[in-house]
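Undergrad: Residue numbers (our numbering): -8 to 764.
Warning: the hint list may mix true and false statements.
[Said to hold, decoys possible] Derived PhoX-like pairs: lysine-lysine, alpha-carbon spacing no greater than 20 angstroms straight-line:
{"hint": "1", "residue 1": "Lys575", "residue 2": "Lys177"}
{"hint": "2", "residue 1": "Lys353", "residue 2": "Lys289"}
{"hint": "3", "residue 1": "Lys653", "residue 2": "Lys755"}
{"hint": "4", "residue 1": "Lys495", "residue 2": "Lys133"}
{"hint": "5", "residue 1": "Lys127", "residue 2": "Lys443"}
{"hint": "6", "residue 1": "Lys541", "residue 2": "Lys92"}
{"hint": "7", "residue 1": "Lys530", "residue 2": "Lys598"}
{"hint": "8", "residue 1": "Lys177", "residue 2": "Lys412"}
{"hint": "9", "residue 1": "Lys640", "residue 2": "Lys133"}
{"hint": "10", "residue 1": "Lys604", "residue 2": "Lys18"}
{"hint": "11", "residue 1": "Lys18", "residue 2": "Lys575"}
{"hint": "12", "residue 1": "Lys131", "residue 2": "Lys455"}
{"hint": "13", "residue 1": "Lys489", "residue 2": "Lys466"}
{"hint": "14", "residue 1": "Lys421", "residue 2": "Lys163"}
{"hint": "15", "residue 1": "Lys455", "residue 2": "Lys133"}
{"hint": "16", "residue 1": "Lys413", "residue 2": "Lys167"}
{"hint": "17", "residue 1": "Lys177", "residue 2": "Lys327"}
{"hint": "18", "residue 1": "Lys196", "residue 2": "Lys327"}
{"hint": "19", "residue 1": "Lys133", "residue 2": "Lys442"}
{"hint": "20", "residue 1": "Lys447", "residue 2": "Lys127"}
These aren't lab readings, by the way, just hints derived from the structure by calculation.
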Amino acid sequence: MILYRINKLEFIKQWRHKGGISVNFDKLNLIYGRNGSGKTTLSKIFECVSNRNLATINSLVPMECNESPNLQFLFQGDSKTESIDLSNLNNLSCSFHVFNKSFIENNLYSSKGVESSQLVNYYEFCLGSVSVLFQKEIDKLKLRNDALTNEMSPISSRIRAKFGNKAISEIKKIKKTEDPDKEIEKLNNSLVDIQNTEHFKNRRKLTELSINRPVLDISCFETSISQLSLEAQQKVEEHIKNNLKERNTSWLEDGLELVTGSLCPFCGQSLAESQIYHLYHEFINESYLKAISEFKLKSSEFELEVFSIGVNLESIEQTVKTNQDIIREWSDRLEKTELDFNFDLLNEIYKKAYFELRELIKAKEKDFLSPVDFSQFKSFVNQLFEQTDFSSYNSVVIEFNKAIDQFISGLGTTTSTDIAKKINLIKESKERFNADNITDLVSYDSLDTEKKGNTKRIDELRVKITEEQESSIGKYKKSINRLLKSFNSMIRISELAKDNKGHKGATRITYVITFIQNNLSVLNDNQKIFDHVLSTGDKSALALAFFLSKFQEVNTNNSIVVLDDPISSLDVHRKDATINEIEKLIENGYQTFVLSHDPFFLSDVLKHSILSKSTKCYEIDVSYVDINPYNAHSAQYITSRLIDRDDYKSYVLHSYYKEYCKLQEYVESPTENNKTEVARSIRPILEAYMRFLFPTHFPEDAWLGDMIAKIRDENDEDSIYFDRSDKLNTIEDINEFSKTFHHSDGFDTKIQSLDLQTVKNYAKETLCFITGL
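Required output: the full structure, derived from the provided sequences and hints.
TA: Structure representation (structure tokens):
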């Protein structure tokens, strides 16, 4: 795609180009324009069109009019034509790369040296098109990530607002709480508990069950006569044996009551002389009665001890009931525990033991001296205490009491703030697993996963771009140094690199210049480089080398190169090298525009044997408009338009040659428009011809009339002034005609009487005189 034609370029500073040009643009286009004609503006317009910078174009509206900017460029490719104007700049499929003063100041250096922004701009210029496909994919991924961010943002805001603005990553880490309402209720109770710590400390604990087996002393049931009086027992026993048919001790108790006289009521013997009576009397009155009394006392005590076993059983049974009450009391804070003990068997055994004891006491009381069988009683007592194993019950009691201790201990270490935090965490957990939030987080995760994948891909692409850019930087360095060498510059680039230390981390290009074996960094020594080391020519060469290094390979992206005054009057020594680089641009497929105020440079470009085949010449035609022609102090403004030209000979040839060509063209094709100019050119060219013939014989103040007079007066045939060819009459005739138009007769300038054919005849005579034909 190339720029084929400029159809319109109006009201952008001085430009008033309208209607196109008769010759369309070619591969190489040379545009000549004097200073102030609009060359720089044209290059800036190309740049603005390429950058779609409509604002800058609109800012270039000239002050002398109120019109809106207008342009129409026609682009042509292999299979299509594009018409670009200010309404469809975005449709442009090619790009202009402009080398001008602005390029140097924006990318390399200015009067103040080098700024970081310039280094960033140059990075964009030289490497912005490297890895374009990768960069396009990055841009596409970035756009998608922007869209994902826009989708994620409201979800994130909605979720985070519910969780105290926590990060999504933290919200996702919240663990699920089973039955959160129940846990919150417990914690609320704990909160109340903390406020009522003394109350819980005063609550009862469970009591362990225990029963002590009493030592039962049955010696009181073992009293016999032998214990009272062995002799009395023997005699009494014998007496009873001999006199009583039935053994019954009741007589011992009742016998004394039966004695009313001095004789024994059973045997009739005299009691006064009866030894057995005295024994009996002693036994009854002292030992027996005492023993009976002691038995009654001790048997009552013994019965009370056995009874106390029953009381203890009742107490233990009540303890079990109390423990159950305590468990129910703690059920609002602790897990309820089933704890019970069956006392039915114990109570039954106890009753049997107690009733057995009562029977033994009654039997003893009836026959104090009769033996007592305690085996059944002991059996019941043994069974009773064998059934009082409370170890299982008590282990449960111990564990429950430990739980109480832990609870109360927790009340001492946990604060209401801690409880409140736990409640908030559970509420967060409940909110986290709310159905709406689960849906939002799933959506967010899906979008975030895609975004992270895109970001990872972007990082991979950037690595590839970096690798390609590093390779390109190496090529740029070689190209820059090759160009500097071809420009006969004494400087070289020893280092060319990029970093990310531009403004806000922007990527930039840095370089080191080697000059007379000194390495000078553009970052640290820029003032020294550009103020003291480099000449104006070196700076110009360096800038052009940096620019042209971008176009050393074949054009693959419809790039158009614009060179605005690529050399200055100080760069004559690199003119040919610059022309060779222009040739390479054309060979690499870059349509190129060269704008210059130097017609000699443009003419040399045109004469290049290869470039001349694909080169078109143009000129910026300037008109000066005087707002009020009759006011000496009237304001003026310039208008410019582009015209086509065959070449720039009229600006570079000697004036004699130009005047000669003018006469020849007029003789071949005379026009009314040119007759006056031709008539006035005849005298100067004759005068110049005579000076060429006699370069050392006519003084500077000698004019044509003086020269003719000297020839007319010369009679020496050997003199160089002698008219051997008899041309004096001819030159005198021509002089007489031409001088008429160098003077005025009163107010008459003689121009109106000038005849086209007459001018042609004198022009022809002049040519014949000069050439000798």
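Undergrad: Each hint needs a verdict: does it hold in this structure or not?
TA: Comparing the hints with the structure gives:
1. This hinted pair does not check out: lysine 575 and lysine 177 have alpha carbons roughly 87 angstroms apart, beyond 20 angstroms.
2. For the proposed pair lysine 353 and lysine 289, the alpha carbon gap of about 14 angstroms is at most 20 angstroms, so the pair holds.
3. A hinted pair counts as satisfied when its Cα atoms are at most 20 angstroms apart, and lysine 653 with lysine 755 qualifies at roughly 11 angstroms.
4. Of the supplied pair hints, the one linking lysine 495 and lysine 133 holds, its CA atoms being roughly 19 angstroms apart against a limit of 20 angstroms.
5. Pair hint lysine 127 plus lysine 443 holds up; C-alpha atoms about 18 angstroms apart against a cutoff of 20 angstroms.
6. Note on lysine 541 and lysine 92: the hinted pairing holds, with a Cα-Cα distance of about 17 angstroms set against a maximum of 20 angstroms.
7. With a C-alpha separation of about 27 angstroms, the suggested pair lysine 530 and lysine 598 falls outside the 20 angstroms cut-off, and the hint is violated.
8. At roughly 14 angstroms between alpha-carbon atoms, lysine 177 and lysine 412 fall within 20 angstroms of each other, so this suggested pair holds.
9. Between lysine 640 and lysine 133 the alpha-carbon distance is near 56 angstroms, which puts this suggested pair outside the 20 angstroms criterion.
10. A C-alpha spacing of about 10 angstroms is found between lysine 604 and lysine 18, which places the hinted pair at or below 20 angstroms, so the restraint holds.
11. This hinted pair checks out: lysine 18 and lysine 575 have alpha carbons roughly 12 angstroms apart, not beyond 20 angstroms.
12. For the suggested pair lysine 131 and lysine 455, the alpha carbons sit about 16 angstroms apart, so the restraint of at most 20 angstroms is met.
13. For the proposed pair lysine 489 and lysine 466, the alpha carbon gap of about 14 angstroms is at most 20 angstroms, so the pair holds.
14. In summary, the hint linking lysine 421 to lysine 163 is supported, as the alpha carbons are separated by about 13 angstroms, within the 20 angstroms threshold.
15. Taking the CA atoms of lysine 455 and lysine 133, the gap is near 17 angstroms; set against the 20 angstroms cutoff, the hint holds.
16. Straight-line distance between C-alpha atoms of lysine 413 and lysine 167 comes to about 13 angstroms, which keeps the hinted pair within the 20 angstroms bound.
17. Taken as a hint, the lysine 177 and lysine 327 pair is honoured in the structure, with Cα atoms around 14 angstroms apart against an allowance of 20 angstroms.
18. Under the criterion of a C-alpha separation no larger than 20 angstroms, the hint pairing lysine 196 with lysine 327 is consistent with the structure, at around 14 angstroms.
19. Straight-line distance between C-alpha atoms of lysine 133 and lysine 442 comes to about 9 angstroms, which keeps the hinted pair within the 20 angstroms bound.
20. Taken as a hint, the lysine 447 and lysine 127 pair is honoured in the structure, with Cα atoms around 16 angstroms apart against an allowance of 20 angstroms.
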